[in-house]
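**Student:** All chains, full assembly: derive it from the sequences and hints.
Using the working numbering, read the sequence shown as starting at 1 and increasing by one per residue.
None of these hints come from the bench; they were simulated from the model.
A portion of the hints provided could be inaccurate.
[Stated by the list, open to error] Derived DSBU-like pairs (lysine-lysine); straight-line CA-CA distance at most 35 Å: (1) Lys-16 / Lys-39; (2) Lys-69 / Lys-39; (3) Lys-84 / Lys-16; (4) Lys-64 / Lys-26; (5) Lys-39 / Lys-84; (6) Lys-16 / Lys-38; (7) Lys-16 / Lys-69; (8) Lys-39 / Lys-26; (9) Lys-26 / Lys-16; (10) Lys-10 / Lys-64; (11) Lys-26 / Lys-38; (12) Lys-38 / Lys-64; (13) Lys-64 / Lys-16; (14) Lys-39 / Lys-10; (15) Lys-84 / Lys-69; (16) Lys-10 / Lys-38.
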Amino acid sequence: MAKTIDPLVKDFLAQKRIAVVGVSRKEGAANLNYRKFKKAGYTVFAVNPNIETFDGDPCYRDLKSLPEKVDGVFIVTRPALTEKVVRERAELGLQRVWMHCVLGSTPTVAKDAAAKIGSASPEAVRLCRENGIAVIPGGCVSMFLEPDFGHACMRGMLRMAGALAA
1 MAKTIDPLVK DFLAQKRIAV VGVSRKEGAA NLNYRKFKKA GYTVFAVNPN
51 IETFDGDPCY RDLKSLPEKV DGVFIVTRPA LTEKVVRERA ELGLQRVWMH
101 CVLGSTPTVA KDAAAKIGSA SPEAVRLCRE NGIAVIPGGC VSMFLEPDFG
151 HACMRGMLRM AGALAA
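**Tutor:** So this is what it looks like as structure tokens:
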């Protein structure tokens, strides 16, 4: 049986300071998960170079601009930008990265769609692994952190399909 992302998720969610890269003026996964982390009591930092505040909180240009070191980085961006964030993350010595993809970490269906809507890329995952960064190459925080019915169902379906492998 394939190794699942569950231990990596458990470790990531055990942290307390999380940066969410990709929050936006438009509603989307980054915004939803930023709010979910915050509601659950995490110290959360919004990262997007194009906005100054998000939900009344400061929004930082990049990881280097954060006022304190974070324990993990949740990325909801295009794969090319994810690679840039991972390189920056490696320079800062951060230990954990989660790259959002609603279709799981190893999509077995709709692989082309996952490449278009997910944040992970083979290069970004490789960079993480080469730099000793614990990487979750897909899935969604909302499937694991106080999931609503829809996200719990999605997690179950992806697990049955083998799409939550490490």
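**Student:** Quickly compare the C-alpha distance for Lys-10 and Lys-38 to 35 Å and report which way the hint goes.
**Tutor:** 17 Å, holds
**Student:** Does the alpha-carbon distance linking Lys-16 and Lys-69 stay inside the 35 Å limit?
**Tutor:** 11 Å, holds
**Student:** Please work out if Lys-69 and Lys-39 have their alpha carbons no farther apart than 35 Å.
**Tutor:** Between Lys-69 and Lys-39 the Cα gap is close to 20 Å, so the pair holds against 35 Å.
**Student:** Keeping to a limit of 35 Å between CA atoms, is the pair of Lys-39 and Lys-10 held or broken?
**Tutor:** 18 Å, holds
**Student:** Would the pair Lys-39 and Lys-26 pass a check requiring their Cα atoms to be no farther apart than 35 Å?
**Tutor:** Distance of about 20 Å is within 35 Å: holds.
**Student:** Next pair to validate is Lys-26 with Lys-16; report whether the Cα-Cα distance is within 35 Å.
**Tutor:** 26 Å, holds
**Student:** Assess, step by step, whether the Cα of Lys-16 is no farther than 35 Å from the Cα of Lys-39, and give holds or violated.
**Tutor:** Holds, because 12 Å separates the two Cα atoms, which is no more than 35 Å.
**Student:** Taken at face value, is the distance from the CA of Lys-64 to the CA of Lys-38 at most 35 Å?
**Tutor:** 21 Å, holds
**Student:** Next pair to validate is Lys-84 with Lys-69; report whether the Cα-Cα distance is within 35 Å.
**Tutor:** This hinted pair holds, its Cα atoms lying about 18 Å apart.
**Student:** Measure nothing beyond the straight line between the CA atoms of Lys-10 and Lys-64; if it is 35 Å or shorter, mark the hint as holding.
**Tutor:** 26 Å, holds
**Student:** For the pair we were handed, Lys-64 and Lys-26, check the Cα-Cα distance against 35 Å.
**Tutor:** Holds. Lys-64 to Lys-26 sits at ~24 Å (cutoff 35 Å).
**Student:** For the pair we were handed, Lys-16 and Lys-38, check the Cα-Cα distance against 35 Å.
**Tutor:** 10 Å, holds
The structure agrees with every numbered hint stated previously.
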